[in-house]
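Take a look at the letters that make up each chain.
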Amino acid sequence: MWRYFGRKLFVYALTFFVAVTINWMIPRFMPGDPVRSMLARASVGNAEALEAMRAYYSSLFGLDLPVWQQYLNFWGSLLRGDLGTSVWLFPTPVSEVILGAVPYTLGLLVPAILLSWIAGNKFGAFAARGRWLDNTVLPVGYLLTATPYMWLGILLAWSLGIVAGIFPTAGAYGFALQPSLSWAFVSSLVLHWFLPFLSLFLVAFGGWAIGMRNMIIYELEADYSSYLEALGAPRRLVRRYAFRNALLPQLTGLALQLGTIVAGALLTEIVFSYPGLGNLILEALNNRDFFLLQGAFLFIVLGVLIANFVIDVVYVLVDPRVRVQMQGGAA
Amino acid sequence: MSAQQVPGGPVPGEGVGAGPGEAAAVGAPRRGNETVYFALRNPKLLAGAVVVAVLLVAALAVPPFLGGSPNAYVGPQAQPPSAEFWFGTTNFGQDVFAQFVHGLRSTFLVGLLGGGIAALVGMVVGFVAGYRGGLVDEVLNMITNIVLVLPAMVVLIIAAAYLEARGILVQSLFIGLTSWPWAARAIRAQTLSLATRDFVDLARLSGRRAHAIIFREIAPNMSSYLFMTFILLFGGAILIAAGLDFIGLGPPQGVSLGLMMHSAVSWSALQLGMWWWFVPPGLGITAIVGSLYIMNVGLDEVFNPRLRET
Amino acid sequence: MSGVSLEVSDLTVHYRTLRGDVHALEGVGFTMADGEIMGLVGESGSGKSTLGKSLIRMDSRMRHVRGTVRLDGEELPIGDQAAMTPFRYHRVSLIPQYSMSALNPTRRIGRMIDELLESRGVRPASVRAELLRRLDLVGLSGQVLRRYPIELSGGMKQRVVMVLSTLLDPSLLIADEVTSALDVSTQRAVAQTLVEFRDRGYLAGMIFVSHDISLVNQIADTIMVMYAGKPVEKGTAEAVVNGPRHPYTRMLISSLPEVGVTHAERRLEGIPGSPPGLLDPPRGCRFRERCPLAFDKCDQEPPFVEVDRGHWAACWKAG
Numbered sequence: 001m002w003r004y005f006g007r008k009l010f011v012y013a014l015t016f017f018v019a020v021t022i023n024w025m026i027p028r029f030m031p032g033d034p035v036r037s038m039l040a041r042a043s044v045g046n047a048e049a050l051e052a053m054r055a056y057y058s059s060l061f062g063l064d065l066p067v068w069q070q071y072l073n074f075w076g077s078l079l080r081g082d083l084g085t086s087v088w089l090f091p092t093p094v095s096e097v098i099l100g101a102v103p104y105t106l107g108l109l110v111p112a113i114l115l116s117w118i119a120g121n122k123f124g125a126f127a128a129r130g131r132w133l134d135n136t137v138l139p140v141g142y143l144l145t146a147t148p149y150m151w152l153g154i155l156l157a158w159s160l161g162i163v164a165g166i167f168p169t170a171g172a173y174g175f176a177l178q179p180s181l182s183w184a185f186v187s188s189l190v191l192h193w194f195l196p197f198l199s200l201f202l203v204a205f206g207g208w209a210i211g212m213r214n215m216i217i218y219e220l221e222a223d224y225s226s227y228l229e230a231l232g233a234p235r236r237l238v239r240r241y242a243f244r245n246a247l248l249p250q251l252t253g254l255a256l257q258l259g260t261i262v263a264g265a266l267l268t269e270i271v272f273s274y275p276g277l278g279n280l281i282l283e284a285l286n287n288r289d290f291f292l293l294q295g296a297f298l299f300i301v302l303g304v305l306i307a308n309f310v311i312d313v314v315y316v317l318v319d320p321r322v323r324v325q326m327q328g329g330a331a
Numbered sequence: 001m002s003a004q005q006v007p008g009g010p011v012p013g014e015g016v017g018a019g020p021g022e023a024a025a026v027g028a029p030r031r032g033n034e035t036v037y038f039a040l041r042n043p044k045l046l047a048g049a050v051v052v053a054v055l056l057v058a059a060l061a062v063p064p065f066l067g068g069s070p071n072a073y074v075g076p077q078a079q080p081p082s083a084e085f086w087f088g089t090t091n092f093g094q095d096v097f098a099q100f101v102h103g104l105r106s107t108f109l110v111g112l113l114g115g116g117i118a119a120l121v122g123m124v125v126g127f128v129a130g131y132r133g134g135l136v137d138e139v140l141n142m143i144t145n146i147v148l149v150l151p152a153m154v155v156l157i158i159a160a161a162y163l164e165a166r167g168i169l170v171q172s173l174f175i176g177l178t179s180w181p182w183a184a185r186a187i188r189a190q191t192l193s194l195a196t197r198d199f200v201d202l203a204r205l206s207g208r209r210a211h212a213i214i215f216r217e218i219a220p221n222m223s224s225y226l227f228m229t230f231i232l233l234f235g236g237a238i239l240i241a242a243g244l245d246f247i248g249l250g251p252p253q254g255v256s257l258g259l260m261m262h263s264a265v266s267w268s269a270l271q272l273g274m275w276w277w278f279v280p281p282g283l284g285i286t287a288i289v290g291s292l293y294i295m296n297v298g299l300d301e302v303f304n305p306r307l308r309e310t
Numbered sequence: 001m002s003g004v005s006l007e008v009s010d011l012t013v014h015y016r017t018l019r020g021d022v023h024a025l026e027g028v029g030f031t032m033a034d035g036e037i038m039g040l041v042g043e044s045g046s047g048k049s050t051l052g053k054s055l056i057r058m059d060s061r062m063r064h065v066r067g068t069v070r071l072d073g074e075e076l077p078i079g080d081q082a083a084m085t086p087f088r089y090h091r092v093s094l095i096p097q098y099s100m101s102a103l104n105p106t107r108r109i110g111r112m113i114d115e116l117l118e119s120r121g122v123r124p125a126s127v128r129a130e131l132l133r134r135l136d137l138v139g140l141s142g143q144v145l146r147r148y149p150i151e152l153s154g155g156m157k158q159r160v161v162m163v164l165s166t167l168l169d170p171s172l173l174i175a176d177e178v179t180s181a182l183d184v185s186t187q188r189a190v191a192q193t194l195v196e197f198r199d200r201g202y203l204a205g206m207i208f209v210s211h212d213i214s215l216v217n218q219i220a221d222t223i224m225v226m227y228a229g230k231p232v233e234k235g236t237a238e239a240v241v242n243g244p245r246h247p248y249t250r251m252l253i254s255s256l257p258e259v260g261v262t263h264a265e266r267r268l269e270g271i272p273g274s275p276p277g278l279l280d281p282p283r284g285c286r287f288r289e290r291c292p293l294a295f296d297k298c299d300q301e302p303p304f305v306e307v308d309r310g311h312w313a314a315c316w317k318a319g
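Residue numbers (full-length UniProt numbering), protein chains in the order written: chain A, 1 to 331; chain B, 1 to 310; chain C, 1 to 319.
Chain A on its own, in the form it takes in the complex (with noise of 0.2 Å):
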């Protein structure tokens, strides 16, 4: 047991590493000067104030530095938690930002992952060998997950929201109100965070449903499949088996796709200006402010490695053959 999820672990911690190394790399490595690039940007009228900001990110970049010097004060500062200062909103520290818009983002992703992943599979697996049904799923299926996440985000936005008026397309609550417990409050963020969901949902969605669809028509001719059939147990019995099985597929296939749901949820955020990371990446590229954009960066990163992880360890909550293996390692 220990053997794999140490492996598991292991390989996570490398990513973390090649991650951080990435982020340390590019600004030094790609061509141009990134402070001035910077600083070009902001929106600094001062010149005072101006050389002191160049000053303060000079010296944090450390380009007098060795590079290896450079390296390691880059690791230092991160394990301290010190992401650096944003430009776009200077001086609030960059981990501070980030902690106000991750809220958000996981506001979004997490109904939508669960609730895409669980919808989607059990459509999928209704929709398989229903003549009828698996024509029309089929073809739809394919068609939203090749949609890209932001158009159907804007289809959404223009129809439901502009048109028809029902919901509102930009940020998480309305302009008038503060956060609060009041009912005004709540449902208007509920308002607010309906469309960007649906959105994430529905992209992700079909995808579920296609490769459940494509797993379970797979699991129905397994052997095990045909030898319940030949004994004539219901089709019930037998499709409850098949989808069982082919969930443990389809949960390998949710590890795979956060990277790609994730960026989703950024393009998304960006049409329906919502405040999280997505957005706060769009400031961060305008204001140039590459602290901010490393840093949400790192949190993605981190993000993803720990829902990984999350994974692996359901996935051997749930086959049975993964832990007979382990523990016949074990023993």
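Treat the hints with care, since some could be wrong.
Here are some of the chain A residues that sit facing chain B, going by a computed Cβ distance under 7 Å [said to hold, decoys possible]:
| no. | residue |
| --- | --- |
| 1 | G130 |
| 2 | T147 |
| 3 | M150 |
| 4 | W151 |
| 5 | A157 |
| 6 | M326 |
If you want the ones that stay clear, here's a sample from chain C, every Cβ over 10 Å from chain A, calculated [said to hold, decoys possible]:
| no. | residue |
| --- | --- |
| 7 | L94 |
| 8 | S119 |
| 9 | R134 |
| 10 | M156 |
| 11 | T236 |
Okay, the calculated bits of chain A under chain B, using three or more residues with CB under 8 Å as the criterion [what the hints assert, rightly or not]:
| no. | segment |
| --- | --- |
| 12 | 256–262 |
| 13 | 304–316 |
Treat the hints as calculated values from the structure; they're not laboratory data. The C-beta atom is built at its ideal place from N, Cα and C for all residues, glycine as well.
Chain A is fixed; fit chains B and C onto it per the hints.
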């Protein structure tokens, strides 16, 4: 993580299972005919191919007739579709149709280059890892897993943000270099199953070199699988590029479908109700990528008789 | 052996393919007595597996064209999936070729068996003691019920399937190439176990499908040889092996160096030529092309007639 495909979805499951080994014995011509026979009778494959072909022809053949730059201010501002401007005009009087067909060009180009590079890297890594095994396999596997877990799009955002010279080639290169891992994994698994077959053993015994065995014996026997993998990578590259362009990290001077959506949203096309500005680019991408996926299902049925409907 | 228990007449089954119907079984007729173990042999593609499948569950590509199957005097609705269901497992059961992978990999074996029994209207508790007794008979402890298939060896899984398939004492058991994945000594043990099942009354009759005529000879009471979708000879094992009437059977048996331990399939392929395609089967005797005795009359189809007491053959020269 490139393709928005679900593993075990359109990727051929146990694709190479029964066919190739025996096929060599049966003789290629007969099998080739059979493949064509079923290909021409597969509605999914045909429908997908027709949509892709129509859009490809539009991308290749139309722009020369339009002349001029697609970003030029050629007409009245913010006009809905008309006989003169089929897809209407933008806030600035640019012809949306001209932008659309030029955008299709870059979309196909990114798909071809990005998907091609990813397929190349995936094949090299997959073949070598699967055929060599041992330590080489371990190391390549580790690298694959790392790149697999890293969210490709987010890495690309960071890279593109610092990159000042952003062309379609650089974009494709970056996309290709980040989206190969699942392909490498799949190809490795296929290679492993082929590497133990008799005809590979025979080639090995007769003293053929590793690369010769890989390219003469193994690759041809999974060519259908490789082709399908490439199609998925192609679609995935298009989607990633569209996302990057939408954030504003695309080629600054160019035209692309993602960039069109970026401009439409930036210049309030939604609020102004200028649907003709943002519907065509997204529809174009969805049509291309969706058709590719559906084509792939059709191809899977053609290559794997087990999946054919009866 | 008492009265007739299985009566198959004129059974014709086609496989639907995109190129047309493959005539996998054509006018198959034979009978089996109560308690009979019939070995069913033939090359791959001879229709022996199709016959086995037809008697319990046709797959979606198979089509019942005509012919009847009567089991204990009752007609089996073999072409009708739903109507056939009540007969499955209770009256007709199967030990599949793929026994090693026949158990759901993610269910404990005991739970899977219980769920299957319940779905077939049998209270698991009512057969629990019998299940344990039979597992013990094949050398498995009740512990296996708490295990997942992956925890068992291939041989253990096969024995579990043998016990499970026969748990409801079916009238007819189809054992489809059950030994082809095993080594020679295990093959014999499995075959002997099935004979013992019959002797104990766990099954009333069995069709033992195999390509290995020498193994079949060790356990079967009768042997039926199939060629290109038709039976060519049926008789007691002794009569078929020692006095084959059909030239195909004769060539099969003479191609064995001695009836004993050998891999018959390879020998079968040793007969020059290959069986005719069944997409559009030739008229007349289907073995004609490969037959050394063929003469003019062979372009008419030879009937499957009793050439000796309890010995049938389909050949103009057999009489």
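With a C-beta cutoff of 8 Å, work out whether three or more residues of the segment 256–262 of chain A approach chain B closely enough for the coverage to hold. Since three or more residues must qualify, the claim that chain B covers the segment 256–262 of chain A holds, with 6 doing so at under 8 Å.
Verify that the Cβ of R134/C lies farther than 10 Å from every Cβ atom of chain A, and report whether the claim holds or is violated. 16 Å, holds
Would you assess whether L94/C, listed as outside the interface, keeps its beta-carbon beyond 10 Å of every beta-carbon in chain A? 5 Å, violated
Against chain B, is M326/A within 7 Å by beta-carbon distance? 19 Å, violated
Hint status (Cβ of G130/A to nearest Cβ of chain B, threshold 7 Å): Hint on G130/A: violated, closest Cβ of chain B at ~13 Å, above 7 Å.
At a threshold of 7 Å, is the proposed contact between M150/A and chain B supported by beta-carbon distances? 5 Å, holds
When I compare C-beta atoms, does the segment 304–316 of chain A have three or more residues closer than 8 Å to chain B? Holds: 3 residues of the segment 304–316 of chain A have a Cβ under 8 Å from chain B.
Please check whether W151/A passes as an interface residue: C-beta within 7 Å of a C-beta belonging to chain B. 3 Å, holds
Was the hint right that A157/A lines chain B, CB cutoff 7 Å? 6 Å, holds
Interface hint for T147/A, Cβ within 7 Å of any Cβ on chain B: 5 Å, holds
No chain A beta carbon within 10 Å of T236/C's: At about 29 Å from chain A, T236/C clears the 10 Å cut-off, so the statement holds.
Is the Cβ of M156/C more than 10 Å away from each Cβ in chain A? For M156/C, whose nearest Cβ neighbour in chain A is about 14 Å away, the distance exceeds 10 Å, so it holds.
Checked against the numbered hints listed earlier, the structure breaks hints 1, 6, 7 and 8; every other hint is satisfied.
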